[in-house]
Amino acid sequence: MKELSLHVLDILQNAREAGATLVHLTVEENLDEDRFSLEVRDNGRGMGEETVKRLKDPFFTTRRTRHVGLGLPLLAAAAERCNGSLAVESAPGQGTCVSAVFQWSHLDRAPLGDMAGTLMSFLLGEPFCDLVYVHRRGRNDYSLDTREVRRELHPVEITHPAAREWLAGTLSQAEEALGLPAAGISGTPSGGKEV
Amino acid sequence: MPKLKSLEDLKKIREEAQRDIRVRLDTGTKVTVGMGTCGIAAGARETMHAILEELKERRIEAHVTTVGCIGMCASEPLVDIEQAGSDRITYGSVKPDMVPRLIEEHLINGRVVQEWVVGRLEKPKA
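Protein sequence lines, in the order shown, are assigned to chains A and B.
Quick note on this note's numbering: the first sequence kicks off at 1 and runs consecutively.
Quick note on this note's numbering: the second sequence kicks off at 1 and runs consecutively.
Mixed in with the good hints, there may be bad ones.
Some but not every residue of chain B turned toward chain A, in silico, with C-beta under 10 Å [as the list claims (entries may be wrong)]: (1) 33; (2) 65; (3) 71.
What the hints contain is simulated information worked out from the structure, not anything from laboratory work.
Just so it is clear, CB atoms sit at the ideal spot from N, CA and C, and this is done for glycine as well.
Given these sequences and hints, build the entire structure.
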């Protein structure tokens with residue numbers, strides 16, 4: 001994956017597939033401690049201890065459409081090559097928390113990339129899953145709670161074209177608020193050709 | 001933080017959207033993008049972005065959504081187009097630069113772009 005935000009999208013989709021109705025996504029860029037951490041905490045069905053142990057095995061998956069499960073192993077490999085690590089906490093009925101830590105300044109750390117695109121893709125997925133997004137970067141922070149958005153919109157769906165546009169707009173404001181570098185943020189890179 | 005300021009806009013959206021909500025539900029065009037690990041790695045997010053932009057530009061109201069992996073990982077990004085009363089068509093290896101033609105031919109002119117089709121699901125019998 002060329003951007004960390006693509007990993008984020010992948011883990012968010014796992015949460016949806018686990019039946020989550022609410023996901024807390026926290027991105028924390030601690031520049032003083034040179035640490036970049038991602039956390040996805042969902043209220044899905046969770047997993048037993050045996051399953052959690054096998055998550056980093058790419059040949060393990062609970063799906064039946066194919067025989068490999070690459071999402072978490074790829075994220076683990078990305079974190080580990082940046083002096084970081086991946087941790088998964090879960091219990092049946094208790095939801096799952098996936099957290100990945102990277103050395104912020106590590107040369108191999110992929111850029112965060114298009115978070116707005118990731119969150120849009122996630123929020124338009126079905127069945128709908130609410131998202132609480134918190135992003136801290138140095139002294140700046142940003143948060144979005146889709147439960148608030150939906151309360152305002154009700155009974156109009158968040159996937160309505162007009163609401164969709166509002167979301168895309170508000171998420172690109174986030175990048176400004178956080179002082180993220182402009183490159184590779186809202187503009188879609190031509191790529192997506194390599195893993 | 002800018003979040004609360006723009007929450008105000010949502011009220012306006014709500015009022016406007018409620019008026020046309022019924023019309024849209026009846027026309028029923030649905031575009032689905034595969035967003036499993038395989039789709040994401042193949043650039044499905046960018047493809048989806050291109051679809052949203054194209055629909056916005058041409059003022060087409062369609063429901064756009066994502067799904068997980070359906071097992072045709074080698075043909076990702078996969079895009080399904082479903083229109084009320086027509087077969088559901090799956091297109092494979094849809095790159096962002098293919099999106100304008102796809103939208104124009106399939107959604108506007110009503111012609112399936114045969115060379116990009118990887119699957120077809122017949123419409124349910126009434």
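Hint check results:
Taken as an interface hint, residue 33 of chain B checks out: its beta carbon lies about 8 Å from the nearest beta carbon of chain A, inside 10 Å. Checking residue 65 of chain B against chain A: minimum C-beta separation of about 5 Å stays under 10 Å; hint holds. The criterion of a C-beta within 10 Å of any C-beta in chain A is met by residue 71 of chain B, whose closest approach is roughly 4 Å, and the hint holds.
The earlier numbered hints are all upheld by this structure, with none contradicted.
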